[in-house]
Structures are given as C-alpha cells and as structure tokens.
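With these hints in hand, go ahead and build the complete structure from the sequences.
Those letters in the sequence shown? Residues 1 to 101, per this note's numbering, in order.
Derived by calculation from the structure, the hints in this document are not laboratory data.
Positions of the beta carbon are idealized from the N, C-alpha and C atoms, including for glycine.
Watch out, some of these pointers could steer you wrong.
Taking CB as the label site, the calculated pair distances span [unchecked claim]:
1) L4 / F36: 46 to 52 Å
2) R41 / D86: 41 to 47 Å
3) S62 / F28: 38 to 44 Å
4) V79 / A12: 19 to 25 Å
5) R2 / T63: 50 to 56 Å
6) T92 / A52: 47 to 53 Å
7) N8 / S62: 28 to 34 Å
8) L4 / V38: 51 to 57 Å
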Amino acid sequence: PRTLIEENFVAANNSFVLWFLVTLSFPFIAGSYATFVVAERESKAKHLQTVAGVKPPAYWISTWLWDVANYQFPLWLTVILLYVFDAQVFTTTNRGVVGGV
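Here it is as structure tokens:
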C-alpha cells in the first residue's frame, strides 16, 4: 500500500504530465492557422476578394472569426474531456462553483 506522501507525489506527477500535454497540444492547433495564410499568399485569394469589392477590414474580421470558430471545437472538447476523466487539477468545484481550465 502507498503512503499519503507517495499518493501525493503520484498525483502531482500525473498533474504535471497532463498539464504538459495539454499545454503542448494547443500551439499546434493555433499554428495550423498559419497554413491558411501561406495558402492564401500562394493563391492570391485576398487579392481576388479585394478586386471583387470586399473591404480589407471585412476580409480580416471574417478570417479572424473563422479562426476563432474553428478553435472552439478543440477547446471545448478538451474542457469536456478534463471533466470526463476527472482531472481535478484543472477542474474545480470551490464553494459549489464549477470552473474549468
């Protein structure tokens, strides 16, 4: 049987690994948006839309909104999985208030 100190050490180790993997995964998601900018540069899609009459702020706002919308799926999936797998380090229930990440 494990002692309380050993249990705390294992819990801290598991929490660190979870934190490291979650923290490591999100930059890859954000970095995947750079491929769109590179592909746009090659295909000149922004130029075509500017010629068609789309104002640059409208283009960039719509691009930003699309990126934010696409980021929401992995974000909320991660939060849900943290609750499903009961990652208590990232999910708290202090004073009856539920919070995540």
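So, going through the hints one by one against the coordinates:
1. Take L4 and F36: their Cβ atoms lie about 50 Å apart, and the range 46 to 52 Å holds.
2. As the Cβ distance of R41 to D86 is approximately 44 Å, the hint placing it in 41 to 47 Å holds.
3. Between S62 and F28 the beta carbons are some 24 Å apart, a value that contradicts the proposed interval 38 to 44 Å.
4. Between V79 and A12 the Cβ separation comes to about 22 Å, which falls inside the hinted range of 19 to 25 Å.
5. Our hint of 50 to 56 Å for R2 and T63 holds, since their Cβ atoms are close to 52 Å apart.
6. Against the hinted window of 47 to 53 Å, the Cβ-Cβ separation of T92 and A52 comes to about 49 Å, which satisfies the hint.
7. Between N8 and S62 the C-beta distance comes to about 49 Å, which lies outside the given range of 28 to 34 Å.
8. For L4 paired with V38, a C-beta distance near 53 Å keeps the hint of 51 to 57 Å intact.
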